[in-house]
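For the record, the sequence lines run as chains D and Z.
Numbering (my numbering) for the first sequence: 634 to 812.
Numbering (my numbering) for the second sequence: 70 to 274.
Since the hints were made in silico from the structure, they are not lab data.
All values derive from a computational prediction rather than experimental measurement.
Virtual Cβ for every residue (Gly too), placed ideally from N, Cα, C.
Take the hints with a grain of salt, since some may be wrong.
[Stated by the list, open to error] Here's a subset of chain Z near chain D, in silico, CB distances under 7 Å, partners left out:
1. 108
2. 112
3. 139
4. 267
[Claimed, not checked] Computed far set for chain Z versus chain D, every beta-carbon distance over 12 Å:
5. 97
6. 130
7. 132
8. 215
9. 222
10. 242
11. 252
12. 268
13. 271
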Amino acid sequence: VTHDPVTDEGRLSVALERVVTRFADLLRSVARRYRVGDGDMAEVVQEVRVRLWRARPSAETIEGLGVSYIYRTAVSAALTVIQRRRDGESLVETAGPRAGQPDGVLGRREVAEQVAVAMGALAERRRVVVRMHLSGYDRAEIARALGWSEATVRNLIYRGLADLRSELARRGVGPEELS
Amino acid sequence: MTDEADTRLRALYGAVAADQPAGGHPSPEELAAVVEGRVGDAVRLRVLDHVMTCGSCRRDYDLLRATQTAAGGRAQRRWRPSMATLAVAAALVVALIMRRAAPTAEPRDVVRGPVAADTGVVQLVRPRGRVAAGPLVWHAVHGAVQYRVEVDDDSGAVVLHTTVRDTTILAPALVAGRAYQWWVVAVGADGAGLSSSVAPFTIAR
Numbered sequence: 634v635t636h637d638p639v640t641d642e643g644r645l646s647v648a649l650e651r652v653v654t655r656f657a658d659l660l661r662s663v664a665r666r667y668r669v670g671d672g673d674m675a676e677v678v679q680e681v682r683v684r685l686w687r688a689r690p691s692a693e694t695i696e697g698l699g700v701s702y703i704y705r706t707a708v709s710a711a712l713t714v715i716q717r718r719r720d721g722e723s724l725v726e727t728a729g730p731r732a733g734q735p736d737g738v739l740g741r742r743e744v745a746e747q748v749a750v751a752m753g754a755l756a757e758r759r760r761v762v763v764r765m766h767l768s769g770y771d772r773a774e775i776a777r778a779l780g781w782s783e784a785t786v787r788n789l790i791y792r793g794l795a796d797l798r799s800e801l802a803r804r805g806v807g808p809e810e811l812s
Numbered sequence: 070m071t072d073e074a075d076t077r078l079r080a081l082y083g084a085v086a087a088d089q090p091a092g093g094h095p096s097p098e099e100l101a102a103v104v105e106g107r108v109g110d111a112v113r114l115r116v117l118d119h120v121m122t123c124g125s126c127r128r129d130y131d132l133l134r135a136t137q138t139a140a141g142g143r144a145q146r147r148w149r150p151s152m153a154t155l156a157v158a159a160a161l162v163v164a165l166i167m168r169r170a171a172p173t174a175e176p177r178d179v180v181r182g183p184v185a186a187d188t189g190v191v192q193l194v195r196p197r198g199r200v201a202a203g204p205l206v207w208h209a210v211h212g213a214v215q216y217r218v219e220v221d222d223d224s225g226a227v228v229l230h231t232t233v234r235d236t237t238i239l240a241p242a243l244v245a246g247r248a249y250q251w252w253v254v255a256v257g258a259d260g261a262g263l264s265s266s267v268a269p270f271t272i273a274r
């Protein structure tokens with residue numbers, strides 16, 4: 634069987650772009666929900682494209698790629714993007730002192746510092762759930778991340794927040810400072 | 070507990086607590102293991118305790134979650150190999166065995182990467198124009214045994230000049246916003262060179 638390399642290459646490009654585009658569309662559709670920026674998204678998509686290219690597929694085999702293959706490729710692409718970013722960050726890491734805050738903000742900052750310290754006094758399960766809750770993750774997301782039921786998570790958030798408030802009160806941060 | 074009090078606590082938490090990492094950074098692989106639920110409660114809690122107090126790890130964690138979801142975290146559970154898929158897989162195995170067994174008339178490529186159309190030049194994939202930082206990628210060429218890659222900056226100084234067998238290399242520390250140009254020469258077993266065109270590019274800030 635003889636193959637026309639020009640036609641093969643064209644068909645491969647089309648097939649590969651179809652797979653990449655499908656993945657890029659799915660990633661874009663969830664990006665906002667997961668707070669992922671355009672730059673990170675574009676990098677992962679590009680890395681997936683590079684990996685599929687390097688796997689030396691043919692137009693036929695790329696059409697038959699299973700979901701699990703695409704999944705592994707995408708996750709390892711994301712890991713590469715993260716590692717690359719960390720390598721870059723370590724070069725520019727600065728640990729200078731924080732800039733001084735204007736007077737009006739100081740009180741609020743002190744309260745915030747107390748919140749951070751009080752958080753350390755919570756039991757681990759409650760602390761992690763409260764951290765995720767205060768970071769803006771909803772109950773379903775927290776439940777999925779921890780492998781627990783939503784009822785358990787709701788309970789832990791409720792008890793954790795109560796613990797946090799009483800720990801803050803013990804440190805002299807009352808409801809007035811928190812409202 | 071009122072919604073306003075919750076909002077206020079969130080703001081206070083975000084102001085400081087989300088910027089004071091608890092414990093060391095988990096490796097990217099460890100983060101992926103947590104996202105995929107491949108670890109026990111103890112590791113999961115330790116890693117998430119850190120992630121929720123570290124801006125950069127949280128960005129990594131969210132990126133992995135989004136990738137997992139987009140790449141079929143959900144679809145994967147539904148996916149069952151159909152007869153058609155099994156047939157394709159079987160055909161693939163046969164094709165691979167045939168390719169290994171049959172001696173090819175052409176000299177075997179020793180380089181990795183897909184082979185571009187025989188256009189008589191090396192085809193560059195990326196970077197071109199304004200792009201995010203990332204690897205340099207080009208199409209493989211039939212018969213090439215290695216590639217010479219060169220990157221010059223806008224003053225004409227050589228930033229990178231290296232010889233590789235792969236068709237992808239990681240760019241060195243290129244400065245964002247600066248203009249560069251690059252090209253690749255494919256070198257055959259007999260030493261003959263086949264060049265790409267010169268591609269200008271800029272790393273986006």
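Hint-by-hint comparison with the structure:
This hint is violated: residue 108 of chain Z has a C-beta 10 Å from the nearest C-beta of chain D, more than the 7 Å allowed. A hinted interface residue such as residue 112 of chain Z counts as satisfied when its beta carbon comes closer than 7 Å to some beta carbon of chain D; here the least separation is about 12 Å, so the hint is violated. Given the 7 Å rule on beta carbons, the hint for residue 139 of chain Z holds: about 4 Å separates it from the nearest Cβ of chain D. Residue-level restraint check for residue 267 of chain Z is violated (minimum Cβ-Cβ distance to chain D is 21 Å; threshold 7 Å).
The non-interface label for residue 97 of chain Z is inconsistent with chain D: the shortest C-beta to C-beta separation is roughly 4 Å, within 12 Å. Distance to chain D contradicts residue 130 of chain Z as a non-interface residue, since its nearest Cβ pair spans about 9 Å, not more than 12 Å. Against chain D, the non-interface label of residue 132 of chain Z is violated: not every CB pair exceeds 12 Å, the least being about 5 Å. Listed as outside the interface, residue 215 of chain Z is consistent with that label: its C-beta sits roughly 17 Å from the nearest C-beta of chain D, beyond the 12 Å cut-off.
No beta-carbon of chain D comes within 12 Å of the beta-carbon of residue 222 of chain Z; the shortest separation is about 19 Å. Its closest Cβ contact with chain D, about 8 Å, brings residue 242 of chain Z to no more than 12 Å, contrary to its assignment away from the interface. With a least CB separation of 19 Å from chain D, residue 252 of chain Z remains clear of the 12 Å interface cut-off, as annotated. The beta carbon of residue 268 of chain Z sits about 16 Å from the closest Cβ of chain D, which is more than 12 Å, so the claim that it is off the interface holds.
The claim that residue 271 of chain Z lies off the interface holds: its Cβ sits roughly 15 Å from the closest Cβ of chain D, which is beyond the 12 Å cut-off.
Consistency note: the structure conflicts with the earlier hints numbered 1, 2, 4, 5, 6, 7, 10.
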